[in-house]
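**Student:** Those protein sequences? They're chains A and B, same order as listed.
Going by my numbering, the first sequence opens with residue 17, and the numbers climb by one from there.
Going by my numbering, the second sequence opens with residue 5, and the numbers climb by one from there.
Hints are supplied without guarantee of correctness; some may be wrong.
Here are the in silico distance ranges between beta carbons for each label pair [claimed, not checked]: (1) B:I8 - A:A131: 55 to 65 Å; (2) A:Q233 - B:E288: 52 to 62 Å; (3) B:N204 - A:N126: 30 to 40 Å; (4) B:S221 - A:Q233: 33 to 43 Å; (5) B:G138 - A:V104: 50 to 60 Å; (6) A:G101 - B:T157: 42 to 52 Å; (7) A:L19 - B:Q129: 30 to 40 Å; (8) A:A192 - B:E213: 19 to 29 Å.
Looking from chain B toward chain A, a few residues come up when the C-beta cut is under 8 Å (computed) [said to hold, decoys possible]: (9) M27; (10) A137; (11) G234; (12) V283; (13) V284; (14) L287; (15) E288; (16) A290.
No wet-lab data here; the hints were simulated from the structure.
Since this is a predicted model, take the numbers as computed values, not measurements.
Note that CB positions come from ideal geometry on N, CA and C, so glycine has one too.
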Amino acid sequence: MELQWQICSETNLALFFPKPITLEKQQKCWALSDSIQKMPEVIEVVIGMNTLSVFILPLTWAKLNIFKDKLSALLNDIPSKTIQGKHVEIPVHYGGKYGPDLAAMANDLNLSVEAVVELHTKATYTVYFIGFQPGFPYLGGLSESLYFPRHAIPRTQVPAGSVGIGGEQTGIYPFASPGGWQLLGQANTALFDSTKTSPTLLNAGDTLTFTAIDIHQ
Amino acid sequence: MKIITASALASIQDSGRLGYRSMGVGRNGVMDSWALQAGNALMKNEANEPAIEIALGELTIQFEESVCFCLTGALYEAYLDDQRVPCYWRINAKAGQTLKLLRPLQGMYTYLCVHGGFEIEPVLQSISTNLKAGFGGFEGRYLKADDTLTVKTESSLPVIGVARLAPTDVIRVIKSSEYDCFTESSQQAFETQPWKLQSNSNRMGYRLEGTTALEFSEPVQMSSHGVDIGMIQVPPQGQPIVLMADGQTTGGYPKIATVINADIGLMAQIRFGKACQFVVVSLEQAIHKQQKRQHYIDQIKEYANEN
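In isolation and in its complexed conformation, chain A is listed as follows (with noise of 0.2 Å):
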């Protein structure tokens, strides 16, 4: 396996994990994060779906080749995190108005609406992240049965509590914003309140099953 970390902008730095997704990888993030974190160099650190992404103070050319070459020693031997976190039940509409790609997303799979639906609920998942806007979880655990593009064109407006699918990903969108995943439905859960010490409702680690209130045509 062999990993590099790439220069993304004068200030970023990434690194990906080569594929499939895997819990393992994730935890190898989780591990690297917290030693990464440490670095006086470091604004944050930001983990996604098995890669890393680290955001640095502005520095020289000389620094900055020091500091990837510190970042790189890293990888020789990764360490592991494990996290024991806590369970979330979110109930969700699926279809119709809440889900507007569920009905054209089955059709695609060659299954029905409730057997995506089926799929959907059946699994526990994992928080690998928090990303993309305040509170949004990104899950792992997806079976491969529902794996799917994202559109060729995102959205202008997805609507708050919306649950969707991004490839091998899925997850629930806390707020409205663009966004280019497949819709299946909609949650009323509360994800995230900027007035709380803790403000999002799940971290990574954390497991999740989804629920269905209604499956709508």
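Using the hints, position chain B against chain A.
**Tutor:** This is chain B only, laid out in the frame that chain A set:
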């Protein structure tokens, strides 16, 4: 000071919210950080002091105290009572005077900075407005009529003006991690053809359109990963999106390039329907340009402090 009318998109922004990306909370903050820094330097403020960011329409403000202010960023047609207000100049307003911002003459985003700054409580360590999630800044939203902002210090300073960065439609970028996933002719088209800014662009993303769509050598399905202001994502249809200040914290579309820090503020100032041109530079050059911009801010600071 009190907002009398607001048809402009006016929000309170500082240099951005850092340290909360792992909760999905993005940077927010100003679209043109060089304009904010120039304004704060001219006002003798800390570099991160929040300002009112104003785009497009009209904004009328009545001063309820004597305030020293300046306008930086886009050149707005503005009047203090009947007197034309030049941009990038320190202006002293007295209690009862009215500042009217009519329309941007050049550029998109203007900053109203006040000496001493505004009295606003930070949320998650920043005073920038998160408009999507509705927190930070002034009640987490755009300013509207009857809002009142408290300026921390009543003051006047000697009237001086400083130079602004020249606007440009040539935007420098560095190659990003998926640059090699594009066909050679697309890599060429990226740099040679003009990219028109679509009207559905906003503080989150600048959607561009070119005559030739960008093509991948083979389809790329990436997992969601950390993204930042300036990164240029290319969805499968081949028309790029430049992530801006309200950009999401993670995204999954491949990135062909990143606008360099030195030029992201200039990119923000491109108007709907106008085109920009991308030029690829080396990372070393990008860092050098950033240092040059910092030098420009330091010069303003020095001049402002002497006067």
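**Student:** Now look at each hint and say whether the structure bears it out.
**Tutor:** Evaluated hints:
1. Separation of B:I8 from A:A131 is about 59 Å and conforms to the stated range, judged on CB atoms against 55 to 65 Å.
2. At about 58 Å, the beta-carbon gap between A:Q233 and B:E288 stays in the expected band of 52 to 62 Å.
3. Take B:N204 and A:N126: their Cβ atoms lie about 34 Å apart, and the range 30 to 40 Å holds.
4. Distance hint for B:S221 and A:Q233: a CB-CB separation of about 41 Å, consistent with the stated range 33 to 43 Å.
5. Between B:G138 and A:V104 the C-beta distance comes to about 23 Å, which lies outside the given range of 50 to 60 Å.
6. At about 47 Å, the beta-carbon gap between A:G101 and B:T157 stays in the expected band of 42 to 52 Å.
7. Against the hinted window of 30 to 40 Å, the Cβ-Cβ separation of A:L19 and B:Q129 comes to about 33 Å, which satisfies the hint.
8. Between A:A192 and B:E213 the beta carbons are some 24 Å apart, a value that agrees with the proposed interval 19 to 29 Å.
9. Interface hint status for B:M27: upheld, as the beta-carbon distance to the closest one in chain A is roughly 5 Å, under 8 Å.
10. With 8 Å as the threshold, the beta carbon of B:A137 comes within range of chain A, its nearest partner Cβ sitting at about 5 Å, so the hint holds.
11. Checking B:G234 against chain A by beta carbon gives a least distance of about 6 Å; that is within 8 Å, so the hint holds.
12. Interface restraint check for B:V283: the shortest CB-CB distance to chain A comes to about 16 Å, outside 8 Å, so the restraint is violated.
13. The beta carbon of B:V284 is not positioned within 8 Å of any beta carbon in chain A (closest approach about 13 Å), and the interface hint is therefore violated.
14. A least Cβ separation of about 6 Å between B:L287 and chain A falls short of the 8 Å threshold, and the interface hint therefore holds.
15. Nearest Cβ of chain A to the Cβ of B:E288: about 5 Å, under the 8 Å cut. The hint holds.
16. Using the Cβ-Cβ criterion of 8 Å, the hint placing B:A290 at the interface with chain A is satisfied: the shortest such distance is roughly 5 Å.
The structure fails to meet hints 5, 12, 13 from the earlier list, while all remaining hints are met.
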